[in-house]
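Given the coordinates of chain A, assemble chain B onto it according to the supplied hints.
Same order as they appear, the protein sequences are chains A and B. Residue numbering for the first sequence follows my numbering, starting at 1 and increasing by one per position. Residue numbering for the second sequence follows my numbering, starting at 355 and increasing by one per position.
Everything labelled a hint here was simulated from the structure, so no lab data went into it. Backbone N, C-alpha and C fix where the C-beta goes; we use that ideal spot for every residue, glycine too. Be careful, since some hints might not be right.
Think about it this way: if two alpha-carbon atoms lie no more than 16 Å apart in a straight line, the pair counts; the simulated EDC-like pairs of lysine to aspartate or glutamate are [stated by the list, open to error]:
#: 1; chain 1: A; residue 1: 175; chain 2: B; residue 2: 471
#: 2; chain 1: A; residue 1: 104; chain 2: A; residue 2: 66
#: 3; chain 1: B; residue 1: 401; chain 2: A; residue 2: 258
#: 4; chain 1: A; residue 1: 181; chain 2: B; residue 2: 379
#: 5; chain 1: B; residue 1: 401; chain 2: A; residue 2: 47
#: 6; chain 1: B; residue 1: 485; chain 2: B; residue 2: 471
#: 7; chain 1: A; residue 1: 265; chain 2: A; residue 2: 229
#: 8; chain 1: B; residue 1: 507; chain 2: A; residue 2: 237
#: 9; chain 1: A; residue 1: 192; chain 2: A; residue 2: 270
#: 10; chain 1: A; residue 1: 111; chain 2: A; residue 2: 323
#: 11; chain 1: A; residue 1: 182; chain 2: B; residue 2: 382
#: 12; chain 1: A; residue 1: 192; chain 2: A; residue 2: 202
#: 13; chain 1: A; residue 1: 316; chain 2: B; residue 2: 382
#: 14; chain 1: A; residue 1: 265; chain 2: A; residue 2: 198
#: 15; chain 1: A; residue 1: 182; chain 2: B; residue 2: 471
#: 16; chain 1: A; residue 1: 181; chain 2: B; residue 2: 382
#: 17; chain 1: A; residue 1: 67; chain 2: A; residue 2: 47
#: 18; chain 1: A; residue 1: 175; chain 2: B; residue 2: 397
#: 19; chain 1: A; residue 1: 182; chain 2: A; residue 2: 207
#: 20; chain 1: B; residue 1: 507; chain 2: A; residue 2: 323
#: 21; chain 1: A; residue 1: 175; chain 2: B; residue 2: 388
#: 22; chain 1: A; residue 1: 277; chain 2: B; residue 2: 379
#: 23; chain 1: B; residue 1: 507; chain 2: A; residue 2: 319
#: 24; chain 1: A; residue 1: 238; chain 2: A; residue 2: 258
#: 25; chain 1: A; residue 1: 334; chain 2: A; residue 2: 310
#: 26; chain 1: A; residue 1: 192; chain 2: A; residue 2: 258
#: 27; chain 1: A; residue 1: 334; chain 2: B; residue 2: 397
#: 28; chain 1: A; residue 1: 81; chain 2: A; residue 2: 42
#: 29; chain 1: A; residue 1: 334; chain 2: B; residue 2: 399
#: 30; chain 1: A; residue 1: 265; chain 2: A; residue 2: 237
#: 31; chain 1: B; residue 1: 485; chain 2: B; residue 2: 465
#: 32; chain 1: A; residue 1: 277; chain 2: B; residue 2: 382
#: 33; chain 1: A; residue 1: 277; chain 2: A; residue 2: 178
#: 34; chain 1: A; residue 1: 175; chain 2: A; residue 2: 318
#: 35; chain 1: B; residue 1: 387; chain 2: A; residue 2: 229
Computed footprint of chain A on chain B, listed as stretches where at least three residues anywhere in the stretch have a Cβ under 8 Å from a Cβ of chain A [unchecked claim]:
#: 36; region: 441 to 449
#: 37; region: 509 to 520
#: 38; region: 555 to 564
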Amino acid sequence: MFAIKKMSVLTTNFSTAAITFISVLALSSSLFAGQAIKFQSETQLFDLVLAHAQKNRVVEALAILDKLIVRAARVSSTSAKSDLFIMTKARLLFQLGDLDKSEKTYASISKSSEYWLEAQEERAHISGRQGDFAKALAQLQSVMASPFESVVGPEPYFVSALTSLRICDYSAIFKTNENFKKRFVPRLQRMKTLVLSDVLQERTVSELISSLNKNHPLSFENIGPRAKDLPRNMHRDKDLRRLSMKPRTALRDRAIAERIQILAKQEISEIENIVSKLHIVEAEAIQSIYLAESEAGERNAQGSIAGDGDTLIFPKTDETWLDELTHYAVRVEKCPNIKTQGDRVSNNKKRASL
Amino acid sequence: MKTKYFSILIFVMLLTESFAAMAADINDLGGNKDLIRRARTLDPDNKIRVVQNRTVDRRWRVELGLNYGLIAGGDPYVNTQNLGGSLDLHINPMWSVGARYYEHYNELTSEGHRIYDAAKNNAEMGQPYQKTDIDYPLNSTLGVLSFYPVYGKLNFFDMGLAQFDLYVLGGYGQVHTESGTSPTWTAGGGAGVWISQHFTTRLEVRYQNYEDHISSGRRDLDMVVTNLSFGILL
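Just chain A, same shape as in the assembly (with noise of 0.2 Å):
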């Protein structure tokens, strides 16, 4: 209390001060009673959520996420910021354990917001939870379509091979393996050539870094078709956003430079967790291919393909049209009853514990 008193004393502005005074009073309050204050920037509010959901105060962050959302409506809504503020809520509410509000939260991001495919993604992974794995399948075939082989994470590729591996579908699961490695076997390699490498020195990132000032900051349309050479989503970094918006000196650009590759060294991490995850599901598949060799059992369907006079069913072929998008419908058999208690209790035990 004494430092900031003296701080407001030494300020010459008063009512700079006052508001000073008041907001460093009203965020420390804040943190620890839980309460959002009007004149706190959507920033500072939104760090608030975050402390709050690291702490698993996740109620108390929904609170604080419901005004910025509403806040964020009334500005615009459609922008990157109100749609990340939705994501956020639906994860928080995954993490509180209500899932269908969180997947009705992720179903509330448009087609044309840039957190519409990890919407989707994690909307499968929501109901590969609830057991509904023909709508997870459904779900997945627009995530990793074609047109967005290029933007899409080593992610969903994991969620495709869990899932498959829950309905017993096993050629499902080395298929979605080839592909992982077809994508990204040669994405590594371009991470590990901007770790390496000097940065500045490549044509792509040099390009990029002297075309960022203030007037034209970091951000997704910037990177065009760079982006399959740069680490995935480089444009949402606050670091980067912020350096960016520098005057340009070889200062900055070095900053620049060392920070790509450092996502560089994160996507990597990333990818290499993942490639973890598939080794466990394709040892597990290899495993129930002898078991189920030998095991007979009547499998259930699961979803339904079914539409009226005003409705068309398509084939789904390697092309796809856009118009398709999230009008996909699986049926799916699952697993084989087996006929031995203790089998069917085992099986379904380690398929659950992945």
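Same frame as chain A, now just chain B:
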């Protein structure tokens, strides 16, 4: 200085080694051919389809159209073109009933001109000639019933998508010729493209039969009618 560069070199080598290990790890994914073959024998009967709503609702909607057509067959001495209108009531996406009206525009074929000119010359020279009689069709009116069993969608030069239906139709009506009226029936098929909620286009090919009346008596005429139409869905 030497120690610093040596440390950096060791670091880069270690990093390269770990990347090589990771690359080997990822390349191990995917199973071998034997495993994949065995997995396929256990494949479940999973299906993935695209399920979409019709973009154009065709339940109890009226379609008005203008059409242009060509007739192949019929009287061998006459080329006939049609201009006309259509009115269809779509009951649901599978069935519609409608009416067609065609105004026929006729001209002699080259063989028709030859026959007429030869007859005219012979007549002028006082020689015997064969009088060629043509019973020109003037207009037709038909009632039709259409069934749309097949649907699809088109990519219009990457500018947009349009759904379409292939249909079969049958109808009955009358042809008004110079000599009088004659019943006619028709059967055929076509494609209807639903460009937007209010614009349509159709290409129709149908067989039509009627009787005309010339000096030698009544005769059956078979023809194939090809029509292109543009319509408005109300």
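We went through each hint and held it up to the structure:
1. For a cut-off of 16 Å, the pair hint linking residue 175 of chain A to residue 471 of chain B is broken: about 76 Å separates their Cα positions.
2. With a C-alpha separation of about 15 Å, the suggested pair residue 104 of chain A and residue 66 of chain A falls inside the 16 Å cut-off, and the hint holds.
3. The straight-line distance between the Cα atoms of residue 401 of chain B and residue 258 of chain A is roughly 47 Å, outside the 16 Å bound, and the hint therefore fails.
4. Under the criterion of a C-alpha separation no larger than 16 Å, the hint pairing residue 181 of chain A with residue 379 of chain B is consistent with the structure, at around 10 Å.
5. Only pairs whose Cα atoms come within 16 Å are accepted, and residue 401 of chain B paired with residue 47 of chain A is rejected, the gap being roughly 45 Å.
6. A C-alpha spacing of about 11 Å is found between residue 485 of chain B and residue 471 of chain B, which places the hinted pair at or below 16 Å, so the restraint holds.
7. Restraint check: the Cα-Cα separation between residue 265 of chain A and residue 229 of chain A comes to about 14 Å, which is no more than 16 Å; the hinted pair holds.
8. Restraint check for residue 507 of chain B and residue 237 of chain A: not satisfied, since their Cα atoms lie roughly 41 Å apart, outside the 16 Å limit.
9. Using a Cα cut-off of 16 Å, the hinted pair residue 192 of chain A and residue 270 of chain A holds, with the two alpha carbons roughly 13 Å apart.
10. Distance hint between residue 111 of chain A and residue 323 of chain A is fulfilled; the C-alpha atoms sit about 11 Å from each other, no more than 16 Å.
11. A hinted pair counts as satisfied when its Cα atoms are at most 16 Å apart, and residue 182 of chain A with residue 382 of chain B qualifies at roughly 12 Å.
12. For the hint pairing residue 192 of chain A with residue 202 of chain A, the CA-to-CA distance comes to about 13 Å; that is within 16 Å, so the pair holds.
13. The suggested pairing of residue 316 of chain A with residue 382 of chain B is violated, with an alpha-carbon distance near 29 Å, which exceeds 16 Å.
14. Distance check on the hinted pair: residue 265 of chain A and residue 198 of chain A sit about 14 Å apart at the alpha-carbon level, within 16 Å; holds.
15. Restraint check: the Cα-Cα separation between residue 182 of chain A and residue 471 of chain B comes to about 76 Å, which exceeds 16 Å; the hinted pair is violated.
16. For the suggested pair residue 181 of chain A and residue 382 of chain B, the alpha carbons sit about 9 Å apart, so the restraint of at most 16 Å is met.
17. Between residue 67 of chain A and residue 47 of chain A the CA atoms are separated by roughly 14 Å; this keeps the pair inside 16 Å, and the hint holds.
18. Only pairs whose Cα atoms come within 16 Å are accepted, and residue 175 of chain A paired with residue 397 of chain B is accepted, the gap being roughly 12 Å.
19. Distance hint between residue 182 of chain A and residue 207 of chain A is unfulfilled; the C-alpha atoms sit about 28 Å from each other, more than 16 Å.
20. Pair hint residue 507 of chain B plus residue 323 of chain A holds up; C-alpha atoms about 11 Å apart against a cutoff of 16 Å.
21. Distance hint between residue 175 of chain A and residue 388 of chain B is fulfilled; the C-alpha atoms sit about 14 Å from each other, no more than 16 Å.
22. Pair hint residue 277 of chain A plus residue 379 of chain B holds up; C-alpha atoms about 12 Å apart against a cutoff of 16 Å.
23. Under the criterion of a C-alpha separation no larger than 16 Å, the hint pairing residue 507 of chain B with residue 319 of chain A is consistent with the structure, at around 14 Å.
24. Of the supplied pair hints, the one linking residue 238 of chain A and residue 258 of chain A holds, its CA atoms being roughly 14 Å apart against a limit of 16 Å.
25. This hinted pair does not check out: residue 334 of chain A and residue 310 of chain A have alpha carbons roughly 30 Å apart, beyond 16 Å.
26. For the hint pairing residue 192 of chain A with residue 258 of chain A, the CA-to-CA distance comes to about 14 Å; that is within 16 Å, so the pair holds.
27. Taking the CA atoms of residue 334 of chain A and residue 397 of chain B, the gap is about 11 Å. The hint holds against a cut of 16 Å.
28. About 10 Å separates the Cα atoms of residue 81 of chain A and residue 42 of chain A, which keeps this hinted pair within 16 Å; it holds.
29. Annotation: proposed proximity of residue 334 of chain A to residue 399 of chain B holds, straight-line Cα distance about 10 Å (limit 16 Å).
30. For the hint pairing residue 265 of chain A with residue 237 of chain A, the CA-to-CA distance comes to about 14 Å; that is within 16 Å, so the pair holds.
31. Annotation: proposed proximity of residue 485 of chain B to residue 465 of chain B holds, straight-line Cα distance about 14 Å (limit 16 Å).
32. Note on residue 277 of chain A and residue 382 of chain B: the hinted pairing holds, with a Cα-Cα distance of about 13 Å set against a maximum of 16 Å.
33. Annotation: proposed proximity of residue 277 of chain A to residue 178 of chain A holds, straight-line Cα distance about 15 Å (limit 16 Å).
34. For a cut-off of 16 Å, the pair hint linking residue 175 of chain A to residue 318 of chain A stands: about 14 Å separates their Cα positions.
35. Our distance criterion of 16 Å between C-alpha atoms is broken by residue 387 of chain B and residue 229 of chain A, whose separation comes to about 32 Å.
36. For the region 441 to 449 of chain B, the stated coverage by chain A holds: 3 residues have a C-beta nearer than 8 Å to a C-beta of that chain, and at least 3 were required.
37. Coverage of the region 509 to 520 of chain B by chain A holds [criterion: at least 3 residues with CB-CB distance below 8 Å; count 3].
38. Counting residues of the region 555 to 564 of chain B whose CB lies closer than 8 Å to any CB of chain A gives 0, which falls below the minimum of 3, so the coverage claim is violated.
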